[in-house]
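Chain by chain, the residues run as shown.
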Amino acid sequence: MKEGLNFVLGVNLIIWFGIAFYLFILDRRIRKLEETSEDMRR
Amino acid sequence: MIIKVLLSIWMAVIISAAFLYAGAAAGFPGQTSRILFFHVPQAWIATLSFLLSMIASCMYLARRSVKTDHLALSAAELGLLFCILATATGSIFARATWGSFWNWDPRQTSIVILLMIYGAYFALRSAVPDPEKRRVFAAVYSILAFVTVPFLVFVVPRITASLHPEDTMNPAKPGMDPKTLKVFLGSLLAYTGLFVWMLRLKIRLLRLEGRQEPEFVISEKLKQEGEKG
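Sequences listed follow chains A and B, in order. With this note's numbering, the residue at position 40 of the first sequence is 40, and numbering never jumps. With this note's numbering, the residue at position 135 of the second sequence is 1135, and numbering never jumps.
The set of hints was computed from the structure by calculation and includes no laboratory data. It is possible that some hints are incorrect.
In silico DSS-like cross-links for lysine-lysine, where the CA-CA straight-line distance does not exceed 25 Å [stated by the list, open to error]:
1) K1202(B) / K32(A)
2) K32(A) / K1004(B)
3) K1004(B) / K1202(B)
4) K1004(B) / K1182(B)
5) K1067(B) / K32(A)
6) K1067(B) / K1133(B)
7) K1223(B) / K1067(B)
8) K1067(B) / K1004(B)
9) K1067(B) / K1202(B)
Let's have the full structure, built from the sequences with the hints guiding it.
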């Protein structure tokens, strides 16, 4: 049972770090777009 | 940036603690009770999102500010997302404890009705072409939709016989193991942080999209001409 639990924990951590990595990338892309949009307005 | 990094680490700590620190609750088959650390915070975030969407909608009707409409839309979208996640994780628990993924239990039925109500919110938004009318209709609908939330989430599953566990899993009631309670509260905090992060991203994205809309471009040009004149 403990081995199974470790496997589920590992899968959960991989999924979570995948989500966090995606959010960080999205955050950076939005920031760049905001900067470009701000420059265009000026 | 530092808060986002800390949140990422905090969530990883909570996931690890959910499996390694907290024990499995008695009365549940195998390790199934550990779903508490993921399923309940998802349901909490869904309810919080719908509440936030309703408050933002009230503010939109009072002030007619596009920012509040963006907040209402973003919150409703995230509410629907977390509601779907809570339904999916609940179904996995149902398979392990009740024998099948779907049992038409009062809790499951009420959540399906809630998903349909909030699904209709997006159908309404996409059906109205005029932005001003769309925002007003969506705001009124969001307020009306939230009226059903307390009944569907808290009242209906409690007034009828349900398979959904309440006593062992409800932290408001005594009997929850202190270790479980610690991880559960930590998970609530982590999910709330994640929700705030996602909400801010969505709002910023909507603001960027809004800048490309013709009405915004025209108003900006008029402003610039006014400044020149």
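Of all the hints numbered above, which does this structure not satisfy? Sort the numbers upward. none
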